[in-house]
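*Asks:* Sequences listed follow chains V and C, in order. The first sequence maps to residues 1 to 267 in the working numbering. The second sequence maps to residues 1001 to 1278 in the working numbering.
Treat the hints with caution; some may be incorrect.
[Unchecked claim] Listed below are several chain C residues computed to face chain V (Cβ distance under 7 Å; list not exhaustive):
no.	residue
1	1035
2	1051
3	1052
4	1081
5	1082
6	1116
7	1118
8	1125
9	1204
10	1249
11	1253
[Stated by the list, open to error] Okay, the calculated beta carbon distance ranges per label pair:
no.	chain 1	residue 1	chain 2	residue 2	range
12	V	10	C	1182	48 to 58 Å
13	C	1073	V	9	17 to 27 Å
14	C	1139	V	227	25 to 35 Å
15	C	1186	V	43	14 to 24 Å
16	V	44	C	1197	39 to 49 Å
17	C	1171	V	39	31 to 41 Å
18	C	1035	V	168	48 to 58 Å
Source of the hints: derived by calculation from the structure; they are not laboratory data. Since we're looking at a predicted model, the values are computed, not measured. Ideal placement from N, C-alpha and C gives every residue a C-beta, glycine not left out.
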Amino acid sequence: MSGDGMGLWRRLRGLVCTLVALYLIAPLAIVVIISFSAASFLQFPPPGLSLRWYVNLFDDPGWTNSLTVSVQVLVPSATLATLLGTAAALALVRGRIPGAQFVGALLMLPIIVPAIITAAALFGVYRGLGLNGTLTGLIIGHVVITVPYVVATVGSGLRTMDPRLEDAASTLGAPPLATFRRVTLPLLLPAILSGLLFAAVASFDELIVSLFVSTARVRPVAVQMWSNVRGDVDPTIAAIASLCFAFAFLALLAEGMLRRRTGTEGP
Amino acid sequence: MAVTAPLVGRRALLVLPALALLLLAFVGPVGWLLARAFTQPQVGLQNFEALWQRQGYLQVLWNTVEISAMVTPICVLLGFPIAHAMATGSPRLRRWLVFIVLLPFWTSLLVRTFATVILLQRTGPVNAVLIGLGLTSEPLPLLYNMTGVMAGALQVLLPFVIFPLHAAMARIDPAFMQAALTLGARPARAFFRVYLPLTFPGLITGAALVFISTLGYFVTPAMLGGPRQTMIAQLIQDQIAQFGNWGMAGALSLVLLAISGVLFLLLHLTIGLKGAMR
């Protein structure tokens, strides 16, 4: 009797899993296929194949400019977010901070508070400072949005690391900086790199803050995509989307390999 | 100990750069925006009165809560079997599922929403399949209505419910279910009385994360919804971009923040934020 119920549940579970997996993957597959389309509008299935939209991506000044802006924002903001976030995680997990839990929650706020509020607030304050439409303004916004990812990733890395290893090093006479450089940093490196990756991807994909604080002249890829999606849609947007997707895929693969090599648990 | 004591003190200072940035570039500006609610166009509560009196604004608030309340249970129902398969299936199946669930999580929201538009448009593959199967003769209107918003939001929000649920399920000792079954409980009873209650911490956390995230949605309703699915984030953007009405933008932000804040507080009190953040 009991076997029947379990069997039914297993079959139902299998069905739902397959359908949901399909539902999660299908949009990505469709975007990749359409990016190679020969048609000049979003037709599925495409009538023929071509690389013209990838060529267009690197020919059209609108797209090349926004790619440049995205990279100019991504590199400094992901670097800064990683530095600030790693330092903060070290302080929160290893240091003794009064009200550490409160400070930790405060650092997570930018991903809890709806992005529209952060975006509107930064836009409003930037007006007085002349920061709207500048790389500096975008970078500050992106660091704020991405620091929580780094704090969370590096923080969980630190929590799974045995503090006695560091204690042993300092007991054996290593100065604090040497302990950090020779013991803490190598052990923590996979978590820091994951944090960096997370921050980079989040910065590249960030739309809402960028939408508010950017202008037509300084416009990252996500905003360029947004204005395209709402206006004339041609498959160039599918080409850039496929590139983003390929980047995420490689990042995820690299992260998986990194974790397997170091044997650390995923989040 | 004498060696490490000063080190610990200095380590705490490492939080200061991040904290300073957050105060200057986040807490300060958000505070400024929220203060507009009470100061513009003049000091007082007129923005909240206007919000309360304007039928259109209340409708948007209602849409926002309605959409969140509809997305959440569907997310839980669809996420539950996946999380269960992840927790009890073979390691191979688990790896595949984690990969499939995480992949879209790493792909931009805009890209996925845009893909959903292609999928659901009148001439899109979903309608083609439905017509091909003879389920409908005319293409169904799947976009610019509630169906579109649901489809897009679920795509994005499923991981939020799957991972906390999986974490809760992975902690459940399979011996509990075995014991219930051996003692004569039918599978359905064993599931509802033993297994399901043990997943509640993950389930509630996931559901709350989904609900709260949906409240602030902007891209999904803007691209996949119609006028009837306008949400509060779009209204905030309109107030600023079209009318320069910072007072109303501040008031709406405060309302959005208050609803999310209260829900987070409830979650914290019932489950604990530690559990909520995995």
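*Asks:* Checking against the hints above, which ones are violated?
*Replies:* 1, 2, 3, 9, 12, 15, 17
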